[in-house]
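Protein chains in written order, with our numbering: chain A, 1 to 452; chain B, 1001 to 1452; chain C, 2001 to 2452; chain D, 3001 to 3452.
Be aware that a few hints might be false.
Claimed, not checked - Covered by chain C, per the in silico footprint, the following chain D stretches (three or more residues, Cβ under 8 Å): (1) 3031 to 3038; (2) 3064 to 3072; (3) 3081 to 3090; (4) 3267 to 3281.
Claimed, not checked - Pairs of lysine-lysine, DSSO-like flavour, derived with a Cα cap of 27 Å: (5) Lys1058/B - Lys3435/D; (6) Lys3224/D - Lys3250/D; (7) Lys2058/C - Lys435/A; (8) Lys1435/B - Lys1411/B; (9) Lys47/A - Lys1047/B; (10) Lys1435/B - Lys3435/D; (11) Lys2058/C - Lys445/A; (12) Lys2435/C - Lys58/A; (13) Lys3176/D - Lys176/A; (14) Lys1176/B - Lys2176/C; (15) Lys435/A - Lys2435/C; (16) Lys1445/B - Lys3058/D.
It should be emphasised that the hints constitute simulated quantities derived from the structure, not laboratory data. The C-beta atom is built at its ideal place from N, Cα and C for all residues, glycine as well.
Number of protein chains: 4
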Amino acid sequence: MSFMRGWAKRRYIDLDNDIEKRLTDLIPENMARRGRITIDALLAPVKDILNRQRFPDKPLTERQVELMLTLLSSMDTDKDPGAARVGEREGRTIAPLLDRLSAGFNHGIGRSGHLTAPQPKAAGASLMQQVTNHVALDAIRRLGLENVRAAIVTPLSTGMSIALILGALRRTLGIKEVLYPRIDHASPRRAISFAGLQEIRVSTILEGDAVQVDLAELESRLSKGNEAAVLATTTFFPPRESDPMKDIAKLCAESDTPLVINNAYGVQSETIMHSIRSAIDAGRVDAVVQSSDKNFLTPVGGSIIVSPDKEIIDSTAETYAGRATAAPVVQTLAALLLTGHEEYTRLRAEQIENLTYLRDQLRSVADSTGQRLLEVKNHVACAMTLDGLDAREIGARLYNLRVTGPRVVEKGEEGSSVDNYPHDYIVMNAAIGAKREHIEQATVKLHKEASR
Amino acid sequence: MSFMRGWAKRRYIDLDNDIEKRLTDLIPENMARRGRITIDALLAPVKDILNRQRFPDKPLTERQVELMLTLLSSMDTDKDPGAARVGEREGRTIAPLLDRLSAGFNHGIGRSGHLTAPQPKAAGASLMQQVTNHVALDAIRRLGLENVRAAIVTPLSTGMSIALILGALRRTLGIKEVLYPRIDHASPRRAISFAGLQEIRVSTILEGDAVQVDLAELESRLSKGNEAAVLATTTFFPPRESDPMKDIAKLCAESDTPLVINNAYGVQSETIMHSIRSAIDAGRVDAVVQSSDKNFLTPVGGSIIVSPDKEIIDSTAETYAGRATAAPVVQTLAALLLTGHEEYTRLRAEQIENLTYLRDQLRSVADSTGQRLLEVKNHVACAMTLDGLDAREIGARLYNLRVTGPRVVEKGEEGSSVDNYPHDYIVMNAAIGAKREHIEQATVKLHKEASR
Amino acid sequence: MSFMRGWAKRRYIDLDNDIEKRLTDLIPENMARRGRITIDALLAPVKDILNRQRFPDKPLTERQVELMLTLLSSMDTDKDPGAARVGEREGRTIAPLLDRLSAGFNHGIGRSGHLTAPQPKAAGASLMQQVTNHVALDAIRRLGLENVRAAIVTPLSTGMSIALILGALRRTLGIKEVLYPRIDHASPRRAISFAGLQEIRVSTILEGDAVQVDLAELESRLSKGNEAAVLATTTFFPPRESDPMKDIAKLCAESDTPLVINNAYGVQSETIMHSIRSAIDAGRVDAVVQSSDKNFLTPVGGSIIVSPDKEIIDSTAETYAGRATAAPVVQTLAALLLTGHEEYTRLRAEQIENLTYLRDQLRSVADSTGQRLLEVKNHVACAMTLDGLDAREIGARLYNLRVTGPRVVEKGEEGSSVDNYPHDYIVMNAAIGAKREHIEQATVKLHKEASR
Amino acid sequence: MSFMRGWAKRRYIDLDNDIEKRLTDLIPENMARRGRITIDALLAPVKDILNRQRFPDKPLTERQVELMLTLLSSMDTDKDPGAARVGEREGRTIAPLLDRLSAGFNHGIGRSGHLTAPQPKAAGASLMQQVTNHVALDAIRRLGLENVRAAIVTPLSTGMSIALILGALRRTLGIKEVLYPRIDHASPRRAISFAGLQEIRVSTILEGDAVQVDLAELESRLSKGNEAAVLATTTFFPPRESDPMKDIAKLCAESDTPLVINNAYGVQSETIMHSIRSAIDAGRVDAVVQSSDKNFLTPVGGSIIVSPDKEIIDSTAETYAGRATAAPVVQTLAALLLTGHEEYTRLRAEQIENLTYLRDQLRSVADSTGQRLLEVKNHVACAMTLDGLDAREIGARLYNLRVTGPRVVEKGEEGSSVDNYPHDYIVMNAAIGAKREHIEQATVKLHKEASR
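So here's chain A without its partners, still in its complex pose:
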């Protein structure tokens, strides 16, 4: 019998008759019935999440999510008033505020050296984590990657999650180096290094304004038995374009080379998700990593790793050394439940509108200041040249004008993912969850600064 059924039974079944009568006396029978109906209706979506562990169509309310988290964390042994706790760590906290800061998951998640191993002291946290992994898997599948089969939500950044996967690949497949089509971003490179692997940078080439991986170079470096993995990227700032996932996955399949896809903020884009799905169908993809905050509007700190192969997820989970904070997992679960599929679809549509708006605005700034938009395919961001201007100064001024997040790169500097990019430029994003008025304010301020 399921433990939830058992739990429910135990809680209330043994009320003695006398009490029953008293309760009926207090609250008229039809009111009591309405009370039952209300709480049943309120809890139905919670029950559904616990049972089916799916990404909901409609969002749950905050009350429902909080109640679910409270019930789950109440199953951990640090809540058991009858437990005799003689371990060296027992989920003890110095004051109740800490329980609130952890949503009650004081035992964290995982078991020494295995992120998803059920923790005997923390049945509730273990269940919470499993629900999260399943809901996240369902969300990623419904948002485009129908062909993945397993997921884990890690309490780690995208970069650290990549390190975890690479560590697992080294342990299981003996890889020694990582072919990395150049992206001028520190985190993934640190991830490769942290996992004790050699980074082999694959060059990029300039195609018009766009910076693309040199696919021929990548191909030439791939061969069977080369003890390498490939780390390819879907989302980065223009002028860098996405790596051609299907082509790379085919090359990896042919050469028996593992492929890890850094899909940091690609879930928001149906097109990007489609390209990954095709890659999985057509070739070899070992794991795809996405940020929980960039895609699902949680606080920073978690990632979702998915794979067509359950074993890769398992060996990745086994790479984490110790028990981990539950916070990013709880936050990801809450965000998924508070969003739901319909609202996510709406947010995606809004993102596309905002990107169009950003492009129009930037084009108009460019037209009136003698600059131009860079012709680059990008599903989240847009770039405009700043040639002949003091780009660095413009960036600093925008920061002081409370524009957050634009990226300014000067000709010849790191940042464009290619040597000697021929323009100074600025990048702005229309990411999921952004507000149209923010784009308006940012571009108006840019206009002023670029016209000085």
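Given chain A's structure and the hints, the job is docking chains B, C and D onto it.
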């Protein structure tokens, strides 16, 4: 069948087999069992409160109380996602913060013109209120008034609760005036006036240092059919002593006069509670009012009215005009459950120690400054003369020195509950919940000020 | 210079040099400046509320409101770690959960027998209350009653607030009875009775479908020196229509009779507010009472009393006997700040749309079931006949179908505010904050029940 | 002058005159002053923490800590109502519940690839993190390691923190392997592997009942230029004893070998801390890692890394690949502030009492069941033989009897950190924060099971 049983059943009983199996797969069977045991053990006291509605021996934890409040407020119709709400008031709130400020009891309590009538839209709040009334009744009984039979926790101050009772007595018994042994305190007098009744002040007399009701005068004013009630007082500042409850209750019994006892902060004292119990046994007592914050360390705002006669409580509940805020009721329930009988007993013992300490400290201040303690029976406070000093100035200085709550009365001023009291004096309290160090600091500062 | 900016500056700049240097070392100067700007911008609306005490145009965020409440409650002496507390009540609480349940306002509001008197132990609560009263006054003025001059937010239901006003009028003007144009609602009648006054019911008459006060009868009962007040009503269920405020106010002016207006849920309607403003301009209005929850979507429990005459508000505040719960006041403040004028205007427009929709829906139900709409002027509700049907049974069924708030009255029963009303009927409301889909669901269910 | 006092003053005094007058009218001057004093006194410790960044002697209250966290998180740009946010990640959240789950630190901590780099979008989080690191450093210094100079609180388990340090050592010093005196615990070994390093296990030997590192073997493996680091351990379960830190540090100094100390739960023991301090003084220690939850009673998830060398901390911080969750850092800060030095000292004394009690209890169980205590030096735990009994079965039964945390090892199995340990045994802990009654219950249940 009880609605709680029904509720529980509905929530989980219909899980299909497939799901059951998945859950068992996720969490090893023995862990799931431990999870059940933990949550059962955690919820057992909650269940016990809901079923037996008694003042617990051991305190519940904050988690238990919060969970109970969440479950109860989840039964109100404003939480029902399937309700179609077409009333003029539906527990709607402008933002989730308000639900947190109300602990979810957005419908308040009561039904137009009846504080304890079950509210069809608010089964949970109705149940919460009934539980509160029963737990409070049990607490008052176990803390000394075994002979009361009904209680209501009102969301009103002690004074307003007295007004409510007096209003009910006027409506049911036709009383027109209230004999009030003089206490120099505004609230009860306003209560009499608010209820549209005539206050007949009964004089006090000086017995040594003590101020006592003139029992002979009270007796002379009592007679059958006099359309009066008596409002007597157990707790006030020295030099005023408690009214002799047993004597007054006997006089009231003889003259068929209703007696209301203002027991504002008397629950903390076993002696006072004993005197009221004796009064109930020996004569006539209609209602006893106590402050929830002064006795049970809740935020200010609620009272507990008890009576040996359930009908008096009912007619009092019917005197409130409208639906009321649930907050003071929720707070009183929470405080009772977070305390429990054993801890209350400990707090009472500590109060006695603190009072002794206060007396010793004040005596020592008096000795060294040429003053003396007033010889007055009082179970909470203690008074010292300030003859020959600028009493008012000392009071002001103590306030600025962050001593809160001392009471300074100058010779001949209102405050001593008698005309022409022959001393300037200061009163300090050692009330339940006070800290010994506060008494120390306050008396040290007084010593400094009185020695200037 | 603004105080918040000053505060922020001092945090980083007035620190002694050693510390300053360390901080500057830690956080780059331009970042620290951005941090200051952010917190200044976040707190600016809070500061504005504290300084100007006005109903804001734009809503504050929950974070802003919570921060403001925390800062205010932090000024009460129970938060002072250096206070020596020797009173009989000191805002002590048995556990931190209680502080959360009270938003930290453990001292409540008021001072014995005066609701708005500053409480020396609770500077923060006193300030909070004053801010609330001023913001509420500004809101009521901007929402239609420009000619009122004072307001108090009471922690009491509309009915109890009416009792408070009537008590004050009795004390100050010596009124003995209340002329009450008949409304079949228990609370106001209990209020009159609670205040120890005689209710003189003024009859109603039938005008077509509508029930209206018999103005001639009212006029005939009014005369100078009659020791009466009038209690008139703006909002009730059809078929009862609003009392003609301007006419009544003129009659009251002519006869020197105080007029109290029960405007329970009239703030939502510009038309009703306009009629009251005209009444104030044209005649005598002493006080106007409105529910905080019915108009401003707070939890049940508070009222807003306004008056063109500050003294009436003062004497009303002095009628409350004791210190009161702060909760409904805090909730009202929070709701006002979380709404703001622009959003309230939007809600009002939506209410009008919903009322039109309700009327259309009910008319269509009526048409298809052989019933008809009652022709009655009402700004919130709409009524349909149920002639020839089992009205009581329909009401019960709707309750079980989770339709909350409809009102069913059978021919000849209390409820229509007139003797022998010639129809069975049902009332539904489209009150402020209601959702269109609720109206849809309710009327669809009614259609089914009325067609059986 | 203090900034908080300044702030308070400005609130009431620098306001322009009109407002000032209104406020003074509202709240009597002396009350306003008391309000200021209260809030100043309440905030003084908060200010002190922000300015001096030290481990406090006295604990802060929950209100103080929450207020501090709110103020800090209010400095992050996602709170700036005037910011135009056009980055790809902007601390956006789908619903307010998420802000509560993150205590408002939606931006997390760190900057791509550097855990302690100030994040321009998150001045508040950056400051919070720096305060945490400094407070943690001060705590570790005052609790025994006066000779460390830098600290970082990581949002990672002890094992992952070890991996981070080892990764930094590989990057900066080119180490390739880790000499690891055998401990039968998965996490540290995974850490070594995750960092891409070779584990060289150093054998242990049996000395009476105790298992100790074979120091001779370790010495023989150490030599200059060997590209190795040593990972030594202070805390593990008996029969394993702590590694002799001073000796190892001397060997490491002689051979220029980096030494990392896994001090997972050693802060609770003055003796252990003393041994590490001596090691630092006498030889080479690169970094010491301690769990935040095991030592400071936070929820699981963070570690504190300290070093005598600031550069090691810096390079460790640079090894994390990406931005990280703020939650474990916030929780560690809160725990440190809610404890303070005096309370920690008390907890340490209690831990020693509990350990003595545990030993006495176990000895008495052993005596009456024909077993004996293992003679092993251990500052947290105690072990008893289970020879001739079914140890595994006893462990399973204790789990079902709700004894959490005991460790049962059978003869010859992994767990005793040596090959062929000659006893079955059970370990129980008296860790900091444990309750005496838990030890009592656990040993009573063990007695019952061992006597069957």
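Hints, verified against the model:
no. : hint                  : in the structure
1   : 3031 to 3038          : holds (count 7)
2   : 3064 to 3072          : holds (count 4)
3   : 3081 to 3090          : holds (count 3)
4   : 3267 to 3281          : violated (count 0)
5   : Lys1058/B - Lys3435/D : holds (18 Å)
6   : Lys3224/D - Lys3250/D : holds (13 Å)
7   : Lys2058/C - Lys435/A  : holds (18 Å)
8   : Lys1435/B - Lys1411/B : violated (30 Å)
9   : Lys47/A - Lys1047/B   : holds (21 Å)
10  : Lys1435/B - Lys3435/D : holds (25 Å)
11  : Lys2058/C - Lys445/A  : holds (24 Å)
12  : Lys2435/C - Lys58/A   : holds (18 Å)
13  : Lys3176/D - Lys176/A  : holds (14 Å)
14  : Lys1176/B - Lys2176/C : holds (14 Å)
15  : Lys435/A - Lys2435/C  : holds (26 Å)
16  : Lys1445/B - Lys3058/D : holds (24 Å)
In summary, the numbered hints that this structure violates are 4, 8.
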